[in-house]
Amino acid sequence: MFKFFRDGFYRDYIILILVTIIVGAAVSSGVAWAVDSYFGDTIQDVIGDNGEYDLILHVREASKEAALRELERIADQQFKGAVINQTISVAGQANFLFGFPQEAKTEDTFSRLPSIFNGVPGLSSYTVIVEPSVLVRGVHPSVSQTLQQRFSQLDGVDFAFKDGKNMLVVLESAEHSKAVMNEIREILKEYQVLEVRFPIGFEVDVQKTAHAVMEVLKEQAKSAKLSNVSSAEYGEELDALMKTLVEMRHFLLSYASKVKITLNHNSNLVVGEQIIVQGMSEQAPIKGESIAPDHVVIEVLDVQGNQAQGMIVSGSIAEAGEVLVQAGYKYHSDDLVGEPVGEVQLENERYRLNYAISESLRLLEELDELSVEAAVAVERADAVLTTFQEALMQLEVLQVQMRQLNEGLAENGAQSTSEQLIISLFLNGLLKNIAKSGSEGAAEYGLDSLENLDVASMRSSLGSISEQISNVQEIDVQAIINQIVDIRDSLPELDDEEIGKSVRLVDNYIGGQVIPGERIQILVENATIDEEKVEPLIREQLDNQYLNTYTISVGTVNPDTRTEVFRILKEVRATIAGILSIVFVGVFLMLDHASIFSTLKWIRANKKASKNRLVRYFNPVMILGVIVGTALLTATYTLSRAAIPYVSMSTVLIIGAVLGGLIGMFSEKFSPVHADEIMAGLSLGLSNVQIMHEIVIPASRPGLLNLLNRTKQRF
Amino acid sequence: MLKIKGLKKQYGKQIAIDGVDLEVKRGETIVIMGPSGCGKSTTIRCINRLTEPDAGEILLDGQSVLSLKDEELRRFRRTIGFVFQQFNLIARLTVLDNVMFHLVLAGIPRAEAEARAKQALAKVGLTGSEKKYPSALSGGEQQRVGIARALVSNPQLMLWDEPTASLDPILVGEVLEVMEELVQTTKTTSIIVTHEVGFALKAADRIVLMDRGRIVESGAPQVIFNDPQSEIGKKYQRLIAC
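Sequences listed follow chains A and B, in order. Each step along the first sequence adds one to the number in this note's numbering, with nothing skipped, and position 367 is 349. When you read off a place in the second sequence, starting at 1, and then add 9, the result is the number in this note's numbering.
By construction, these hints were calculated from the structure, which means they are not laboratory data. Everything numeric in this text was worked out from a predicted model, so none of it was measured. We put the beta carbon where it would ideally sit given N, CA and C, even for glycine. Each hint should be verified, as a subset may be incorrect.
[What the hints assert, rightly or not] One side of the interface only, derived from the structure: several residues of chain B facing chain A at Cβ under 10 Å:
1) L59
2) L98
3) A115
4) P118
5) Y142
6) L168
7) C251
[As the list claims (entries may be wrong)] Per the computed footprint, the stretches of chain B lying under chain A, defined by three or more beta-carbons under 8 Å from a beta-carbon of chain A, are:
8) 85 to 91
9) 99 to 108
[Unchecked claim] Across the chosen pairs, the derived CB separations fall in these ranges:
10) Q231(B) to N601(A): 50 to 56 Å
11) Y20(A) to G116(B): 31 to 37 Å
12) D70(B) to Y(-8)(A): 31 to 37 Å
Bound conformation, chain B alone (with noise of 0.2 Å):
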């Protein structure tokens, strides 16, 4: 479904991937895992472009991504789910109306928009706070909306960038419990960038391991962390065994 090739992206000086290929089967959930600053976040970036690639080729179901003009990546986008870090929601706006503005103003009628926001986020347990703010809710909670609002649109392909990373560590269990169900559930092609290793063993149909820019190793979870190849992994393998 996906395919990445040679891709390439660098800051000023400093080199954030260096050559990164990866393919991506339908219903595939990746876990992309590495030290921080190896290039992950910079990578399912530049899979809906919302960071430019300076090289390589990104094939989405046999369409490059990167020759996309302005109305096609917009809708490209509109069909891959992107879960950030920071919840990136809109702070003036109610839970309701974060989950559901872009599908209206994408063209859904208000209603549909609203019965569909409405159900996503009953997937995520938030039934009942629609009409809150964002400060209202707690950190966990925040990401749950932002997952709500990836998922309303029914995307073809998740991105998650590290979407517990900001979390503290009581929260993190109730946003990895709404991935893995969501994972498992609706079956919908995941990358997700995440330091979480159990939810990794859980989750992942293959974890992909970057270093310095570069995948250094990659394959299904048990061989990963059963017989690590690279340094990286061998670390998380005595991760693991700790």
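The shape of chain A in the complex, shown without the other chains (with noise of 0.2 Å):
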């Protein structure tokens, strides 16, 4: 069969094969050219000139005139030489490249931005496009501070910034961009998160866990710094709700129920450790018998001395004010009264708590119909006064006629009329019973003693106690008593048993943080290890085999966003290469090489049939258009630089081979000889050369065999 190829036919084929490869690669090369070259001019168009622009602001499409005018405003007021510019708009996105100018490119700008662009209307976010840089995803927030100042040291690096979860270094320049990164690895080798997960619902005292881990950890590599770095990926949020919980702890503790315990010489009680009080039970507790259900469990928190203190986390005592005093006896597990521990004094603070502020309430109420009255009171002693200073002036009118009226007895004697006489009489008697009113002994100075009353002093006293009504008055004292009543409705009601378990599910959270179905996450400095080989001790240490654990990096490094993005493209014109070079292949394959192996066949069916078995059972021409097959795809596929993701050489060879192989055993198909024209041109004499040329060719699919055999067609 293979004679048809010796007699000249082989050149054709093997210059048919070169020219395939040739054509194939540089088809599949171009056109991902071409599309690489597109959307790189496109990404152009849309992220400007290298370094041109800082960042793609994100604004919503509504609001992109009030945005642009807010830009323009920011660059006029803080950014003078700003550079601003539309860009496409993408799903009701409006995109605004930023460019700061060149002295506002400091890590101050851009560990800023989110103030600085806080008031552009619609924004929803914005892209960092510094460029050049070098992009450190995923930074773990435990040693960011620290990476952060490693960065901006390294050479070539201006400064370095914190953007979300990922940081940016800037360089000074694109020429530093691989050392940077490179030294940048290497920063980042020097850190590693070891990570033990646990499964999902499993409840894990992080502190304790962590610590357990860490003495794993330290066996296996002294040197190295370790650290529990568990919560740092929760961060603030984290941070804030442990302050609330303290808060709230506080807050607890301080309306619980206050028990003080003064302990038995003998008694030996430790923080933890329970007692049982009689409560409101009217059953005291007897030691040795079962704890009745109205029986107070005081849980001990603080022990100094012969003091302890409690908080009840069972039972409540009586809602009342006063301080209840009873005995304390140890409280077991097993339900039963231990030995007498002391005397417990209980105060229900809570109660104390609402008592007060009703009280408060009641005395707000008071005060302001006291004020009321005060007022009152002030002005009717202020007419008193007015009423006894003319009452003191018409008695020394009556004074002066008095002594008148005596000086005119006396120089007169019986010349003093009857009527003057009584009337002497009883204004002395009347100026007597005054000044004994006023006070003890008073009569001895009569009216001269009233003369000396400072009246104006005791109106200016009234004037200011008046002025100091008129402020209590003025006081919105409904307001205080709406806000204390909004306050007594607030307060929870809760009993002392609810309080006290609250109060220990904080503690529980606080002091050990637990975290259901979570991780523990140990940063290892100085020192790396090997997570295959410390699970299994990690799982020993814990007595957990369900755990895993893992090694997570810090950061890892990418270059900025266009090299990105640029990467990604060579990325898509490798596949397209790829995806070209096998279509490619296939039809030529079809188009070309189908008629040939249709021509083979049609040879190998019209020989006598081979005496060799395995040449007889075993069809040539399928191994044929493998080899062609693979031999084409493999060429094509290198020359062109293609590369389609998780499709290794391997599997391109295989490829090549099935699509030659298919071809091969199908051939006619795709290619049908025309049998009864190669018999004429055999009986014509013609050679299998000529044959091809001016027979099968000719009426083959039209393609690069048929293209290059124009030159050789004489007909």
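Taking the hints as your guide, dock the two standalone chains into a single complex.
Printed below as a string of structure tokens:
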């Protein structure tokens, strides 16, 4: 069968294969390059020239005009010389490119981005595209500060700043990119986060577990610096939660009943132990007997000498203000009352608080009324003073008159009228009486002493009191009352038992940070720990066969956005080239090689059957197809610099072999042979090459073979 | 001129010819007849090695045909005219090109080849159809183009493989006329496989009857059809009588 090639056609076939490879590679890489170039230009249009812009601000389409005005205002007021350009809108989002002036490209500027652009109307987010830069993705919060400092000190680095979970290392020039990336990689290698992950639903006391894990790690890497960074990833949110919980715990403890225990001499009580008191039960606890449902269980929180403090964790005491003093007994887990421990004082702080609030409300209400009454009283006192002053003046007149009368009597003797005498006696008596009512022994002072009263000072004092009363009346007592009522109403309706349970839960969370189904993260510095080696040890240490350990990088180095985009484009180009290589080889096999395979098959069918069994039953055309397909695809794929993700070179070889084999097997379907024409050619004494050039190829599908044949075809 | 000895051909388990012995003299016209599948076509295809025989010997002027190497075989084939049952014309070539193209490919100048082709076409009555494509011709005309193509190289031996078998009865006559005339005028040694008894009677110098891959009877037409010895011969005799 292959004598067919020896006739000279092998030269044509080799040329065909070479041309197929060259054209296939050229077309594949050409189309891929065109796509790459198109997208590259598009990206250039979208994100500007290298280093031209630093940010892409994504703004709601409806707000773009207002956003532009605000951006222009920011540029004008804060960054003179900044460049703003509106680029394409995608899915209802307008995008603005913003380039800071060179002098404003500082760590400070980039660290303040959220506050700088906070007021841009419709701003949904922004993307930092500062160039030249190196992007470190997924920086672990536990080391972000350290890394930022270290990166900033590298040669060729202008500054570094955090952008969410990423860190951007801005370079002095693009030439430093490779060196800086390498150095950053080296720095990142110095840190390792070992994560121990527990099954979902498994509750972990982070502090204790982390400590146990670190013990194991210390054994493995003695020089390693280890730290528990389990909560680092939660960041500020967890901190805020923890602070809230601490405050909540303080409130709950001050709201709960105060328990003071005065211990007996022989009592040995430790924190965490529980004691029993009678509480509101009719029956006092008796040593050795079961506890009653109304008995109060107290957990010891603190022990100082013979004094201890506790918290009710079960049962409640009466809602009363007085201090309850009861005998305390140890509480055993078998629900039996233990030995007496001392005297327990219980004060219902909750009741006291409520009582104090109620009393405050009463006081305020009384104060309101009192101020009104006091004002009235002052007014009356003022009126009394006025009357007193008038009376005093009249008394003075009287006194003058009396003096005149007395003088008159003395001068005239019997000349005084009897009426004047009577009046004189009456007034003397009256003045004595007034003097008596003023103070003991005042009588001797008489009217003179009344004259000595400082009415003006008294009036001044009354004025001052009146003013103060007015000030009191001006206070919005009702508003205070309303607020206090609100506070009273918002106080939690918790009894001692509920408070106790809440405090214990908060204690558990704060103290142990219970995170269900979570993980422990240990930062390892100055050493590398093989997680596969330590996993069995940690499992053994924590007595948990279901945990897994992983190593997490504290960051991954990526080039800047543009480089990343172009890297992706390069991958796309290589993928397109790969796909096109496969398609083109398939098409060329079908158009060109199938007609040759069909001719070979026809020749084989018309030859004497070979005596060689292997040759007889083995399809050599299919083998040829496999070889040609493999050679064509491998060469085309390689020359076009194709690379399809997850497709290795061996896979490419297999694809080529399968394509060639299939075309070899079913060649007649793609390019049937005109057997009668070939037969005519043979009968006319045509050589195989002539038959191919003049009969087979011209009648085959148009392709490279057909094209190449044009030069040799005479008819 | 041509001597065939013990020629055998088998397709799988199917025996096509089983020891054919035949001798043809120069200028002689042999008509091979027999029922379908008796090995007539295989025999003449083996002569120019369009079909490779499994065994036997074919000698042309004392030269073994079966031992010819590639180039020798091609040269040999150029001296043999072969007319196919299905015409086997090149569909994409014009009538003229169909007739002359192998001459050109054999190295004959195009002008000479063209002139010879036109002559051959004239012999088969197709002058004026040079520019036509086979698809524009009737079956009879196509076969005449096939005949012209076989004749154009002045073959020393013409092999006719049932040239009228694919034609409808109306067109058979025109081809047979051409064949008869050519046989009589050119005096080219011819081996004709046909079922046309009338043509055989008129044109054949000798009739060879085949059955089941073997030659069962051979002789002059009058002898074969008047006094047949074989069963096949007798059947043909009855056919003529009808």
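Evaluation of the interface hint that places L168(B) against chain A, nearest CB under 10 Å: holds (8 Å)
Status of the hint placing C251(B) at chain A (closest C-beta pair under 10 Å): Hint on C251(B): violated, closest Cβ of chain A at ~34 Å, above 10 Å.
Pairwise beta carbon distance, D70(B) to Y(-8)(A), judged against the given window 31 to 37 Å: holds (34 Å)
Restraint outcome when P118(B) is required to lie within 10 Å of chain A by C-beta distance: violated (12 Å)
Closest C-beta approach of L59(B) to chain A relative to 10 Å, hint status: holds (6 Å)
Given coverage of the stretch 99 to 108 of chain B by chain A, tested with a Cβ cutoff of 8 Å and a minimum of 3 residues: n = 5 at 8 Å, threshold three: holds.
Y20(A) versus G116(B) beta-carbon gap, inside 31 to 37 Å or not: violated (54 Å)
Whether the CB-CB distance between Q231(B) and N601(A) falls inside 50 to 56 Å: holds (53 Å)
Interface restraint verdict for A115(B) against chain A (beta-carbon cut-off 10 Å): With Cβ-Cβ at 7 Å, under 10 Å, it holds.
Restraint outcome when L98(B) is required to lie within 10 Å of chain A by C-beta distance: holds (7 Å)
Y142(B) as chain A interface residue, shortest Cβ-Cβ below 10 Å: The hint is violated - Y142(B) has no Cβ within 10 Å of chain A, the shortest such distance being about 13 Å.
Per-stretch coverage check for the stretch 85 to 91 of chain B, three Cβ contacts closer than 8 Å to chain A: As far as the stretch 85 to 91 of chain B goes, the hint holds, because 5 residues have Cβ atoms under 8 Å from chain A.
Going through the hint list in order, the structure does not satisfy hints 4, 5, 7 and 11.
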